[in-house]
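Student: Residues per chain are reported as follows:
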Amino acid sequence: MISEKAENSLREIWMAEEEGKRVDASTVEANVLEELKRERLVDEEGGKLIFTEEGKKRAEKIVRLHRLAERLLSDILGFKDVEEHACRFEHLIDDEAEEAICTLLGHPQVCPHGRAIPSGGCCIAKETEVERVIYRLSELSPGDEGEVKYTVADDRETRMLISAGIIPGTEFKVIRVYPAFVIQIENTQFALDKKIAECIYVVRKS
Amino acid sequence: MECHSVNPKLSTDRKVALVGNPNVGKSALFYALTGKYATISNYPGTTVDIAVAKMGDIEIIDTPGMHSLVPVTGEEEVARRLLEDAELVVHVVDAKNIKRTLPFTLQLIEAGFNTILVLNLVDEAEKLGMFIDENLLEQRLGVPVIKTIATEKRGVSRLKEEIRKRIDAGKDGRRVIKFSPQIEKVVSEVEEMLEGDYSISKRAMAILLLLKDTISLEMVKREKNYDKILEKVNVSSILPYEIMREIHENAEKLLDGVVRQEEVSKGLMKKIGVLTLNPLVGIPLSILSLAFIYLLAGYVGAQILVDLIETWYEENVNSAINIFLEQNIPNYWIRELIGGEYGIITLGIRYAIAIILPIVTTFFLAFSILEDSGLLPRTAYLLDGLFKKIGMSGRAVIPLLLGTGCGTMAVIVTRILETWRERMIATILLAVGIPCSAQLGVMLGVAPDFRAMLMWVLIVTAVLLITGFLASRVLPGERAVFFMEIPPIRIPKIENVFYKTVSRLEWYFKEVLPIFVLISVLIWVGRITMVFDAIVTALSVPVSTIGLPAEASEVFLYGFFRRDYGAAGLFDIASEGLLGYGQILVAMVTLTLFVPCVAQFSVVCKERGIGQGVLVFVLSVTIAFTAGYATALMVGVV
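If you read the protein sequences in the order shown, they are chains A and B.
For the first sequence, my numbering gives the first residue as 47, with consecutive numbering after it.
For the second sequence, my numbering gives the first residue as 366, with consecutive numbering after it.
Hints were generated in silico from the structure; no laboratory data involved.
Treat each hint with caution, since some may be false.
[Stated by the list, open to error] DEER-style ranges, computed between Cβ atoms: (1) L830/B x I122/A: 52 to 58 Å; (2) Q155/A x K858/B: 44 to 50 Å; (3) E217/A x K550/B: 51 to 57 Å; (4) R523/B x D201/A: 40 to 46 Å; (5) E217/A x G507/B: 26 to 32 Å; (6) L823/B x D201/A: 38 to 44 Å; (7) C133/A x E526/B: 55 to 61 Å; (8) I96/A x I648/B: 57 to 63 Å; (9) K530/B x C133/A: 53 to 59 Å; (10) I122/A x G507/B: 47 to 53 Å; (11) K103/A x K550/B: 34 to 40 Å; (12) K550/B x I96/A: 34 to 40 Å.
[What the hints assert, rightly or not] Cross-link-like lysine to aspartate or glutamate pairs, in silico, EDC-like; alpha carbons within 16 Å at most: (13) K126/A x E549/B; (14) K589/B x D562/B; (15) K464/B x E232/A; (16) K618/B x E489/B; (17) K102/A x E63/A; (18) K636/B x E489/B; (19) K126/A x E941/B; (20) K577/B x E193/A; (21) K577/B x E63/A; (22) K593/B x D533/B; (23) K464/B x E217/A; (24) K94/A x E75/A; (25) K512/B x D533/B; (26) K550/B x D127/A; (27) K219/A x E850/B; (28) K241/A x E843/B; (29) K586/B x E556/B; (30) K126/A x E607/B; (31) K126/A x E556/B; (32) K635/B x E232/A; (33) K241/A x E177/A; (34) K492/B x E232/A.
Since the structure is predicted, the reported quantities are computational estimates derived from the model, not experimental observations.
C-beta atoms are modelled at their ideal positions from N, C-alpha and C, and glycine is treated no differently.
If we strip away everything but chain B, and leave its shape as in the complex, we get (with noise of 0.2 Å):
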């Protein structure tokens, strides 16, 4: 991995990174700023997406939420990189927490960035009866500090001016950390013994190297006094909570007479946050709000706008391209090619545009809701007792949650999962059997009724619970840890709503079109060469062990390429009368569990590598004949 270079696309500009915890109103604040959708680039060396725009010549940078320089996830190590190349960093704080993570601020501006301060969400700052003199900060610290209130756009004009003026500034040897007697010694010995060249100062780094960070350790291992600095930090008897406590207690005494507290009756809001905590509040909202979902995704984007522009697209789209192509292309494999059955207009962009696009997006729609008013991580905590029996923390449910709108996405979200093991379930389960909307959908549809729906949801969810305990059992690795910031509950504003869900529309078309386009070309060449005969043979052995006709082993062929692929084919069968009761439940259980779209399974491998892809697709092939078949048994198919 390379340690400290922006992708080379990036560079050429001069570079702003918003930093700061997760749920400050980051993302809002760049929207703000740039006022454009994020174009999402993808950090070189590790694949984590980074939002990415202009403010004029300048680059935006949202880096993903960051706690401190010491990361603790995945997330946070990329962050702490990009932020060690912008020229500007913008410390983005929840107002009401400034005392929480002034001590960041003062790390950021020791380390030699050249630091502005945001306070955001200063209205509910002062909701909670907390003002804050934001001129006397700035006297104390010597960087601007500025408030604002991101999704109102009000302190963010002041913010734009700032950064303007200050992004040529560079980098000062400006120290604002002061350490007692004993820890100052041994942080000024530790930063003499450093003679390399790094991107924050000497100081910081002997700060982040007694605070035991692994990314510094592993950046001064090309000293040549090496040995001795490890030794130094191993054997000082300061510890690092030591070092962060008088951080701290620096902090406290910079904000004393910066902040005001006028005592103020406790919030509505607040006492309900406090209330869908508790189990019997928080389990009946968590079911409306999948209820939110299913109604928003699974009805009006499955079911009616599927169907009303699925209906369009055929009758105007898919038959002018035929008639035209019977018209002017002699040669029947290049008509195959674009029209027909599986062309690229008449399947591919089909798919995208008249099936997968109503639903992504009115699920992307819903979560973004739920994502900001704050329930996720309340549903997050409730689970956390059940995700731990299956080796994951609660947190898992964020990633599990948003595998039933996209996989594929929901595979990079496995990220915000501490350790690799939580990470490597958490595919596994997404890659098994988390059904995506688009599976979802046609389930519905193909469903007879609904008692064959409820077996379907209680079959995949005991295999999903079975594999994941297993899972947790064989895997090797670190515990899952549960320890989350739990939000306040807000109502969301539609603008941002309108942006998240814009923002992860335009990434899922990047990364999904040229896939769909890609795959029609495949089934063709896999016709034309006759390879798809050849394993559509292959796979009629387990498909009619498990007491299905023929006709079905193509559906799980294209159930790869696309799961939905593979649901509407059996949709088609289906509703041809090729199939009984039965055997359409055996259908639907096999085709859920059966292996991740091409897409997913293209994500896992660059995510967790080749080895482990081929193994979880090896094992969901494994697990959805074995289900398929006790299935079967179970309703006496075969």
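So here's chain A without its partners, still in its complex pose (with noise of 0.2 Å):
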């Protein structure tokens, strides 16, 4: 096990690489960097940190757990400020934890900034025995109700959704799934294609 330090560190490396940016090995506290060299999870190139094979594999791992607890706190805890308590809430949870969160929130992509979410063993099997809370609007039959959570769409998706009160909070009742979905918020009914219905991600309520 490495400290949650060295941990936070390779989830700002992973972070900076998602925008095409490199580390600066100087931002790093010493003791840090040391430990991080020792376990042989970064080399330095030119003053900058890059990963090994090894802390790209740690990186990825933590940058997930951090993902999921973002996830987890704001959707089904309904935390508003997620980020801080993510950042100590990831060092909590262990492989097993990791598979039954992320299928109870339904494999999601991205953190709710945004962010892809690595996928882990568990999204590509997509089985398990946890009962998931989080749906996409596209896996529910006509009758069942529910409630959006969060959607993940590109830009003029989104302010389709947000224009027509699509947003995280609504509920709704499907009416029906073909042709295409028909969903009924309030007092109106919406049509969504299946790709649409894709994009929005639901707790089901029996």
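Taking the hints as your guide, dock the two standalone chains into a single complex.
Tutor: The following block contains the structure:
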């Protein structure tokens, strides 16, 4: 096991790489840097830090846990300020809990800030004993009722959904799923195609 | 594109903008307020047609449908710009959807607009057991709230009174939206960075920027702190939906105690509404509505009425004009300009009044009835799967169906489509092969028997599908997304249908009558200068390739000026017995697929640019003769 600080550093390097940047070795605390090098997780190249094979794997896992934690905190537990809590929470999640959380959340692909969540083994297998809470709207059947949790769409589609009032917290009822989806929100019915329905993540109400 | 100035023609009077979602009865309210048919104005820089009419000395503007201050479609963009220029904004909402639409009202008030909230269709809401305390809502919002049933003119006089009273009130800095501390902090930080002068409040600008509104981002480009603002907006971890959620939460709080919901049994109309979404019910119903359009426009209009009026016109007007010209005008060419075979009165005006008027009137009548009944969006829903295959969403059914009435108007209506790609595909299909009502009517007359008619339908449909399929593969752009509100099924009100039909007709004639006269003049000039002969000779090459007699070349040239000119010309040579059975079919197919009429062509150029207009033109000619040749081979004409 490496320290929490080292884990946080790995996440920062990962996030910099997502934006196509590199982290300066000088910005990392000396003892943390030493730990990372000792564990052979990063190499230094011209003053910049780069992952080793092993380092990349570890960072991916940490980022995945962090972002799953964010989703869990915001969608299920209703936290508004998720970042800070997630930073502490991520270190507590073991492999089994990771799969359970991921499944519960319906194998989400992005965090609340819209960044990609690296997929885990459970996302590929998509089966486990945990009962799911979060579904995509496209997975529901006529008569199902639910509440919108979040949406993952491009800017145009997001604006379209927001304009129509389809935002987290909106309650709806599924009227039809074929030939396209029809949902009822309050007293209005909306028709939407499967692609849009796949962008809307919801909690099903029994 | 000019950003926010209204056509100088409109700008002397005080203006009231009606805004709101589509299908909330905005047009009916517009009519109830002004009592007039809309005069249609063109909004500068764009080509969206806006209805404008007077209520006393106040100008009422009916803006295109709008869901929120953040526009998604081109139409909504225009609506947003229009309302920024108005003295007073009347937000029309469907009373039963108050919870979903109030957030937009809040944004309007927050933006500093002098606003009146109208709860329309209260009768529908009450049928659903929803009762709204408008006085309490008025108190909480600080702006007038008025209940109306526009189609029955109920509540309209109160609204008129309120408009007169409030129009000079001006903008105020009222704040109705309270954000949580985190969001409030970012909003006020962005607000403080803004230095420019905007038509909406800086706070509203800041909110729009955080909602990633493209128009606002464009507007702040002049700011000297632009880079900083952009960074603040992008870096803030606040997501657009979080802001919207808080605005919705504000709305919910405001409505607490305002809306009283009573249990009622499900209405019959609602059950029917759901039933019509089932393909087993909906598809036969869509076919029935098509049959209804055909019956009204294709039969009553194109056959019975055209016959009546045309015969009357030829017997009374044409002969009188020609006799008068013979006696008084010695010069042959001047006689030909006004009378004769192609004269302004004997051909231009005759076509407009005797052929087009009855057909488009009956078509628009049928279309308005379908529109008001709520069936069109259901057809769009049912056909979405098919339309996706040709690169468009089900929404495209509306311009394409309208295209069977008038292609020119339909090209303008492609604006309701969300992406450039969809608009382009629809424009191509409209230009290539959706026959307009005039053309349809004549084709029905020319077809020698039912079998030929059926083959014509099959070939044209196949060509359209193939063209659409290929266009969707070739044209770049975002994929089509289908997302549409499905309005309840309603029984159309006669007065509204009449009003819609008349205002569409008015638009049509303003646009089309001058073109008809111009065409007569062009034909006249073409005949004098022999230019037409040269074009006709050139055209005779492809025309004879597809196995048609040389006389048909002329038909094609006139077909460009009006599709129905060509079709009518075809009717003439067919009735002279110059064409065999197979040749008639070939001519029908080729002429249908041939270039759009000159009016449609000019609108395509206006809407999509000249380059793309010419591209569409060339494409039509190529497709027409290729398909014509294939048909000729099939029926053994060549």
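Student: Would you mind marking each hint as holding or not holding in the structure?
Tutor: Right, here's what the structure says about each hint:
1. L830/B x I122/A: 52 to 58 Å: violated (47 Å)
2. Q155/A x K858/B: 44 to 50 Å: Distance hint for Q155/A, K858/B holds at roughly 48 Å.
3. E217/A x K550/B: 51 to 57 Å: The hinted range 51 to 57 Å is violated for E217/A and K550/B, with Cβ atoms some 29 Å apart.
4. R523/B x D201/A: 40 to 46 Å: Once the Cβ atoms are compared, 41 Å apart, the range 40 to 46 Å for D201/A and R523/B holds.
5. E217/A x G507/B: 26 to 32 Å: 29 Å Cβ-Cβ, so the 26 to 32 Å window holds.
6. L823/B x D201/A: 38 to 44 Å: At 42 Å between Cβs, range holds.
7. C133/A x E526/B: 55 to 61 Å: holds (59 Å)
8. I96/A x I648/B: 57 to 63 Å: holds (60 Å)
9. K530/B x C133/A: 53 to 59 Å: holds (56 Å)
10. I122/A x G507/B: 47 to 53 Å: violated (38 Å)
11. K103/A x K550/B: 34 to 40 Å: holds (38 Å)
12. K550/B x I96/A: 34 to 40 Å: holds (37 Å)
13. K126/A x E549/B: Cα-Cα ~14 Å, so holds.
14. K589/B x D562/B: holds (13 Å)
15. K464/B x E232/A: holds (8 Å)
16. K618/B x E489/B: violated (24 Å)
17. K102/A x E63/A: Measuring from Cα to Cα gives roughly 11 Å; hence the hint holds.
18. K636/B x E489/B: Measuring from Cα to Cα gives roughly 15 Å; hence the hint holds.
19. K126/A x E941/B: violated (80 Å)
20. K577/B x E193/A: Given that 16 Å is the threshold and the Cα spacing comes to 24 Å, the pair is violated.
21. K577/B x E63/A: Status violated; Cα separation ~25 Å.
22. K593/B x D533/B: Status violated; Cα separation ~37 Å.
23. K464/B x E217/A: holds (12 Å)
24. K94/A x E75/A: Holds: K94/A and E75/A sit about 14 Å apart, inside 16 Å.
25. K512/B x D533/B: violated (22 Å)
26. K550/B x D127/A: With a Cα-Cα distance of about 14 Å, the restraint between K550/B and D127/A holds, given a limit of 16 Å.
27. K219/A x E850/B: holds (15 Å)
28. K241/A x E843/B: holds (13 Å)
29. K586/B x E556/B: Holds, at about 15 Å.
30. K126/A x E607/B: holds (9 Å)
31. K126/A x E556/B: violated (23 Å)
32. K635/B x E232/A: holds (13 Å)
33. K241/A x E177/A: violated (24 Å)
34. K492/B x E232/A: OK: K492/B and E232/A at ~14 Å, within 16 Å.
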